[in-house]
Structures are given as C-alpha cells and as structure tokens.
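A.B. asks: The chain contents come next:
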Amino acid sequence: AQSVAQPEDQVNVAEGNPLTVKCTYSVSGNPYLFWYVQYPNRGLQFLLKYITGDNLVKGSYGFEAEFNKSQTSFHLKKPSALVSDSALYFCAVRDDSNYQLIWGAGTKLIIKP
Amino acid sequence: DSGVTQTPKHLITATGQRVTLRCSPRSGDLSVYWYQQSLDQGLQFLIQYYNGEERAKGNILERFSAQQFPDLHSELNLSSLELGDSALYFCASGNSGSFETQYFGPGTRLLVL
Chain A
1 AQSVAQPEDQ
11 VNVAEGNPLT
21 VKCTYSVSGN
31 PYLFWYVQYP
41 NRGLQFLLKY
51 ITGDNLVKGS
61 YGFEAEFNKS
71 QTSFHLKKPS
81 ALVSDSALYF
91 CAVRDDSNYQ
101 LIWGAGTKLI
111 IKP
Chain B
114 DSGVTQTPKH
124 LITATGQRVT
134 LRCSPRSGDL
144 SVYWYQQSLD
154 QGLQFLIQYY
164 NGEERAKGNI
174 LERFSAQQFP
184 DLHSELNLSS
194 LELGDSALYF
204 CASGNSGSFE
214 TQYFGPGTRL
224 LVL
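Protein sequences appear in the order of chains A and B. Take the first sequence: its position 11, counted from the start at 1, is 11 in my numbering, and no numbers get skipped. Take the second sequence: its position 13, counted from the start at 1, is 126 in my numbering, and no numbers get skipped.
Treat the hints with caution; some may be incorrect.
[Unchecked claim] Just a few of them, taken from the derived set where beta-carbon distance is under 10 Å, the chain B residues facing chain A: (1) Val117; (2) Pro121; (3) Leu156; (4) Ala169; (5) Phe177; (6) Phe182; (7) Leu201.
Since the hints were derived computationally from the structure, they do not count as laboratory data. What you are looking at is a predicted structure, and each value in this text was computed from that prediction instead of being measured. Think of the CB as a built atom: it goes at the ideal place given N, C-alpha and C, for glycine as much as any other residue.
So that you can see chain A by itself, here it is in the shape it has in the complex (with noise of 0.2 Å):
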C-alpha cells in the first residue's frame, strides 16, 4: 500500500540553526511529493514538489527538500531556522491508482529564539 510518515510529532530547532523535518515514503511507482505548511488559523500553503530531475528541490521562504529515492525520504531543510517558520509541516506522496495525494501526519515546528 502506498504510504507516506512523517516519524516526528514534533521538532524543535533554535533560531538561526539549520531545520530538517523528516519524510518517508512508500509508492509502487515513480514517487511525486509534495511539502505544505499551515500557519496557525490559516490554510496550507504549498512549499515546494518533487516530480523527477535534481534531487534538490528549492521551494519558497527559503527551504528546500531532498529526494532519496534509496532511502525512500523526502526530507525538508532550512539552512537558517527563523522563528516565523514555526508552523505545522505536511508531506504528501500521490498515490498511483487516484492521482490523490495522500497526507502525512504533520510535524510541528518550532523555532526558539
């Protein structure tokens, strides 16, 4: 079955360090992901997608994710956290047989000044 986790609840990162939330996947086929974040009260906001080519993805408000396809992971990354990145972070994989996107758990950030 077509699968995607995100293994942390929860993350937390000091300001100005670097961030990672944690993605894995499961897709029978070629693997198309996607990140969003969701502010508190608001919607989610897309961040950034992988469909094929570089494994480095750039994506707004300066993050960025690396596909692993033999770590089946999907990782997000800040080089420099800011406390404005404090959010929930969704992953999500499209499952083959719909062409939806199956959703992650969510992870919270939060950034400590």
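Could you slot chain B onto chain A? The hints should help.
C.D. replies: Frame of chain A, contents of chain B only:
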C-alpha cells in the same frame, strides 16, 4: 493569499442540522478538492471535482455530498450533523494535469454543538 475563497469562515450549528460550505477556486483552475481536518484524524481527503464532474472520492460519509457548478465554484453539503463532524473543512483548487499543485483556501471551521 492563494486565490481560493471559502465561506463562511466559521459556522456553529446543532446536531441533526444541515449546512452548506462554499468554495471558489482560483481563476482558471478546473479542479476542486474538499478536505476535512480534525485533531484526531489529520487531513482527510473527501472528494474531488473536475470541471463539474466528480473525479475521485475519498473518505466522504454518505451524509456529506458535494457538487461543482458551471461557474466552477463548489459546495459541500453536510447533513444530519454529529458532534464528531466538528472540524476544519478546506477546499483546494488545482491548475491541471496529474502532477497538479493544490492551492488551499483558508478553511471553514465548523462547530457542532
């Protein structure tokens, strides 16, 4: 601002009642998706419409129904409401194709008392 609008922002109603949530997609987007977000079940895909036709169904209850109108706006109807239906309901729209990015509206917060 994603360009997707949802009304109302908040809705408080009683068990057994029926409500209608409305979504207007981004200009030019033909796809509309409906999601339910609750604390215990995360983000759940309900249903997708494409250019007026139902394209995919997710975990949508029989008490819930949706439609997309010729002007591409969509409505989600929730009937015989139960306490457990209290959640955030998001609409998203997409531009095209099987790799389309979904752009989310701000959501409707439904509270069933």
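A.B. asks: The structure should be examined with respect to each hint, and the outcome stated for every one.
C.D. replies: These are the hints, each one checked on the structure:
| no. | hint | result |
| --- | --- | --- |
| 1 | Val117 | holds, 7 Å |
| 2 | Pro121 | violated, 14 Å |
| 3 | Leu156 | holds, 5 Å |
| 4 | Ala169 | holds, 5 Å |
| 5 | Phe177 | violated, 17 Å |
| 6 | Phe182 | violated, 21 Å |
| 7 | Leu201 | holds, 9 Å |
Comparing the model with each earlier hint shows violations of hints 2, 5, 6; every other hint is respected.
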